[in-house]
Each structure stands twice: as structure tokens, then as C-alpha cells.
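Undergrad: Below, each chain spelled out in residue letters.
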Amino acid sequence: MIEIKDLHKSYKIGKNSLHVLKGINFSVKEGELVSIMGSSGSGKSTLLNILGILDEADSGTYHLDGVPIKNLNERVAANYRNKFLGFIFQSFNLINYKSALDNVALPLYYQGLPRGERNDRAMSYLEKVGLADWASHKPNELSGGQKQRVAIARALGSHPKVLLADELTGALDSTTSYEIMDLIQKINDEGKTILVVTHEEDIAQMTKRIVYLKDGLIIKDEKVEQVRALSHV
Amino acid sequence: MFSLERWQEIFETISKNKLRTFLTGVSVGSGIFILVILLGVSVGMQNGVEDQFQRDAANIINIYPGYTSLAYKGLNPKRRIQFTDEDYELALGDKEEVVYKSSVYQNRGGLTSYKKEFGSYRVEGVMPDFQYLESASIIEGRFINQSDIDNAEKVVVIGNRVKNDLFKDKSPIGEYIIVTDLNFKVVGVFTDPGGEREESRVFLPVTTTQVVSGAGNKIRSMGFTLPKIDNYEEALAESQKFTAEIERDLKAKLMINPMDTSGLYISNNIENTKEIYQLISAMRIFFWFVGIATLLAGIIGVSNIMLIIVKERTKEIGIRKALGARPISIIGMILHESIFVTAFSGMVGLILALSLLEFVGPLIETDFMVNPSVNFSIAITTVILLIIAGAVAGFFPSWRGASIKPIDALRDE
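Note that the protein sequences, when read in sequence, are chains H and Y.
Residues are numbered in this note's numbering as their position in the first sequence, beginning at 1, plus a constant of 16.
Residues are numbered in this note's numbering as their position in the second sequence, beginning at 1, plus a constant of 466.
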């Protein structure tokens, strides 16, 4: 599903250049639940941004579902993000003045779906994350866990190939974190490919494979015995 | 581009920022309001000036005598010039292009009475064509005719004001009035677009006036019109050629130095109109300039606000882009909002200004301004101006919005 080879990325900070990714080789198959672990500055967010087509690598190749991701213009990049990827952020990034339903329906609007179909699909995903009763509420009327559920519903709604989650439990207490991870595991059980960036060991243990990143290089890549989040709740 | 969803988004963001949108709208609305009012005023001034000129035929040429200022052929300067019938005939010559023509003899006093009513009015001896030179129209009876002239009949045509003063509601036709101690028979009443001042006049046949005041063949002045020519420059050239010829002939006959500028005065209405029209068009350009500058201030206001909106919504735009919004849809969203706010508030300003002109305009009637109003094409022009203004105001902010990188916008602070 994801194929990257010898990926390099450096940032210019003033006159100095900061080499963040120093040759990453990494692939993810369909249906995997992978976590990328590393301390801050290890390059995990940069890697996720490149995977999310929000940023572009300096060198190396990146194939997403067989499609080369290289030198895309804004329009095509937006189109790929919309079709291939679902994002889940630490700070949820919901649009405050839109209801939960409208938030979930937003990517579908950019896919050009007619209004009725959009709302039906958005509603079905809100049901899936257990928030059907909250559809008309604005984000500021929801708890942190509920907001993240809405964000997950939004990410799933556009039927992406891969879900990318950046510290998705970073703003949540541990009980809520486990509930969210339980949801993530269930979605993965249905066959969705999911990448989770985290620096929390217990969250990483709930995935099926952990990739350790340090100073821009992968230092360890191992399959783990998945801990079911439900056992913690 | 103008889908229902886009409209919903715009109304959502506007309702979120009511005060800000309202204030922005006020700046554009007042800009367009001022522009339209100014344009209306300039039309009003033009109407006012045109009304002033309607007092007389637009292309009338009047020739008055003066005092010489230069010595000529042994004659001293400061000599008073007096026109006679012969001068009138000479000026007219065999010029076939002349449409209306009249010599005028003016009495000094003008005490006019009918029974117990009396008043002092301008009394002038004129020819039949004088009606057209003055743009006067007859409301009762007739004007002076050629037979009155030939027989020096003691008849009189009075202005509407004179009739109202002396006769009230009674018909004056056939009645006798006393003008400077002599009886004259009223044959007609006229009205003049110049208003009351021009209607406080009494016209006699020029020959009669000469006889009763023992003036022989003296006349006071003469007036002519040339055929109407639509092209202004051409009309001006024709009239100037005409007056130059008359000036040359009269100066030769009356022994006035050709260089003398005060021996006779030629007033050419076409020349006068030119200056007025130039003034009006200069004023109109000035008004457009002021109006557009005001509008520009409003547009810059909108642009500024939209920039702030983009700044405030940076994160939201980043989210939208991460979710698959194409740059064009971001540009469209901001441009659409900008055009909508500008066009809507501009329309409100336009409608307010138009209704003010519509209801208050007709009440304004001073010497220099009559019925300020704007026509349909000016209204359309301002509407188009508004749409363009909205697009211009939204352009830079939307461009800034489209160039927001989601990765920067979404970075957790």
C-alpha cells in the first residue's frame, strides 16, 4: 500500500540546513496497523507529512497504492489527499462553526458528492463511531473523545486507502485514549490500513507493528503482539 | 462555482461575524451612496444650466451697441454707438442662412396699467420672430405680426406675469392697457421657460415703439438665429463665421476701429454654452473622481477585512486543504464572499441613493440645480463597478488564502 525508498528531507533554517530524514526505507501492506515511534525531533512528523502529501521529500520515491507521489501540483495533491488519505490530528482540527455532521461531510463535499448522499454517508459514519445523537452539535459542545470520534468519522467518510493519525491520543486522558484506540483497532479489523504516529509506548503496543525512528533513520522495525485496548477500559 | 453549498458557507461565515461584515458593508455602501449622489448632483447642475439657457433660443446671437474705445478716422474714442434700421438691414444683408431675426427698441420707463391695477415692466419693441428668439410660446391670442409692424399698430403682447398682475383671471384679449401714457390693445399673452422674470415683459411692434417715443429709425439691439446643427463644433464654427461678417460690416459702416473691442458687443449663445458645458463636464469628471476615490476607500476596507478573515481562518483553510480542497475552491470561497459583501452592501447604498434622488430630487429647484437624478445606464455602470470592486477587493486575500500550506496551518502551536 505504501512504498518508500531512500527518502531524504532537509529543512533550511537560516543559513543552516537541518537534515531531518536521512534515507528512510519503509513499506506498509494493506490492512496493517503500524505505529511510528520516536522522540521529538526524530523526524516522525516530517515522515507523516510526506506520507500525507502535505510535504514533499527532497529525494527518494514514494508510491501510494502504486501511484508515484512526486512533483504534484496543488490541485492533484489535493485530489490525492481527498481520495487516498484520511487524517486524524492530535488537536482534532474540526471546523468550529460547523456541526459534527457537516464536519464529517466536508471531505465528501470536496469529492463532489450531492448533498443528500453526503449527509447520508456522514450520518452512517457518525453512527459507526457512536455519535449519531450528536450529529447537530458543534465541536465546542463535544468532549475531547467525542471530537476525536468525529474526526475519525470524517477521516473514514471519504473511503481512504490509508488512515494517518498524528498523536491522535495526545490531547486525551488515558481512559478516553484507550476508547479511541479500541475504535482504531476495530476499524483496522475491518481491513483498513492505519498509520499511527505516537511517542506513547502503551499506544504503540496496541498496534501490530512498531517502527522506531531516531535522528532521521529507522533503527528498529518489529511486529508486536497486539494489546487489545478493550482490556484496559 | 456558485453552488448552493458555497452560499451556505458564506452565510455561515457572515452570520458568525455579523458586526465585522456590517461595518465593512457600511464602508462600501456609503462609498457608492456618495458616488451616486454626486453623479446625481452633477446631472442636476447640468439640468439647471440647461434650464437657464432655455430662456432664449440655444443658438441666439445678440448684437448690442457700446462705446468706442479707440480713435478711428478722426473720430474721438468714447463715442456712443447707436444702431438704426439701416444697420439692422446691413447686418442681415442677403444672408439666407438666418432663421429668425428681430431688431429691438426699448423704451425707458415701463409703467403699465389697466384700470386700477398697474406695474412696472420691461417694454420692448420687437418683430414677429422675437417670439422664437425668446423661446416664448403663446397661451392666448397671438404674437406681434408683420402687419402690426408695417402699420405701426398700437397693439401689445403681454407676459403671463403681467396678465396675472393686471387682469387676474380675466381674459385680457381685446382690452386696452396704458403703457407710458398711451393706450394699447392687448392681442396676446405669452409664457417663457425663463420664468417670472422673463414673463414680466410687454412687447410692442418695433415700429410703433419708434414712433411713440419719437426715436425715428433708431433701434436698441438685434438678434438672429442660425439653423440648428447637431455637431457642436460645426455649429460653433458657422456662428463664428456669421458674427465675424456682421462685425466687419457694422464696424465699417459705423466707423469703428476694427481693433476696437467695446464698440459693439456680440453675444453668441453657442459660445457661452461651450464654456458652461466645459465647466459641467470638468465638474462631472471631478465628481466621478471623488466618488470613485470614496468607493476605493471602501474597497480597501473590504480587502483589509478579507485579509484578516483569511488570517483568522488560516487553520480552517489548512484543514480544508488537508481534506482535499483545491486551491481554486479556496479562492472561489473568499472571492465569492468578498463580491457578495461588496455587491450586497453596494446595492443597498445604490438603492438608498436612488430613492433619495427619486423622492427628494424633484423638490430641489434652485437657479443652479434642477431635478438631480441619475439615469439607468449610470446605475448599471455603478453595479458593474461594484462587482469589479468586490473581485479586486477579494483578489489578494483569496490569493493569500490559496497559498496557505496545510502543513504550516495545521502545525500545533
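Watch out, some of these pointers could steer you wrong.
Stated by the list, open to error - Taking lysine to aspartate or glutamate and the EDC-like style, the derived pairs with C-alpha atoms no more than 20 Å apart in a straight line are:
no.	chain 1	residue 1	chain 2	residue 2
1	H	Lys-114	Y	Asp-726
2	Y	Lys-781	H	Asp-71
3	H	Lys-154	Y	Asp-616
4	H	Lys-114	Y	Glu-471
5	H	Lys-154	Y	Glu-778
6	H	Lys-45	H	Asp-189
As the list claims (entries may be wrong) - Output of the computed footprint for chain H on chain Y, the stretches with three or more beta carbons under 8 Å from beta carbons of chain H:
no.	stretch
7	608-616
8	793-807
Simulated from the structure, these hints should not be mistaken for lab results.
As the structure is a prediction and not an experimental result, all values here were calculated from the model.
Ideal placement from N, C-alpha and C gives every residue a C-beta, glycine not left out.
Undergrad: Would you mind marking each hint as holding or not holding in the structure?
TA: Hints versus structure:
For the hint linking H/Lys-114 to Y/Asp-726, the alpha-carbon distance of about 86 Å lies beyond 20 Å, and the restraint is violated. Of the supplied pair hints, the one linking Y/Lys-781 and H/Asp-71 holds, its CA atoms being roughly 16 Å apart against a limit of 20 Å. Pair hint H/Lys-154 plus Y/Asp-616 does not hold up; C-alpha atoms about 99 Å apart against a cutoff of 20 Å. Taking the CA atoms of H/Lys-114 and Y/Glu-471, the gap is near 13 Å; set against the 20 Å cutoff, the hint holds.
Simply put, H/Lys-154 and Y/Glu-778 have alpha-carbon atoms about 19 Å apart, close enough for the 20 Å limit, and the pair holds. In summary, the hint linking H/Lys-45 to H/Asp-189 is not supported, as the alpha carbons are separated by about 31 Å, beyond the 20 Å threshold. For the stretch 608-616 of chain Y, the proposed coverage by chain H is not satisfied: 0 residues have a C-beta within less than 8 Å of a C-beta in that chain, short of the threshold of three. For the stretch 793-807 of chain Y, the proposed coverage by chain H is satisfied: 3 residues have a C-beta within less than 8 Å of a C-beta in that chain, meeting the threshold of three.
Of the hints listed earlier, those the structure fails to meet are numbers 1, 3, 6, 7, in rising order.
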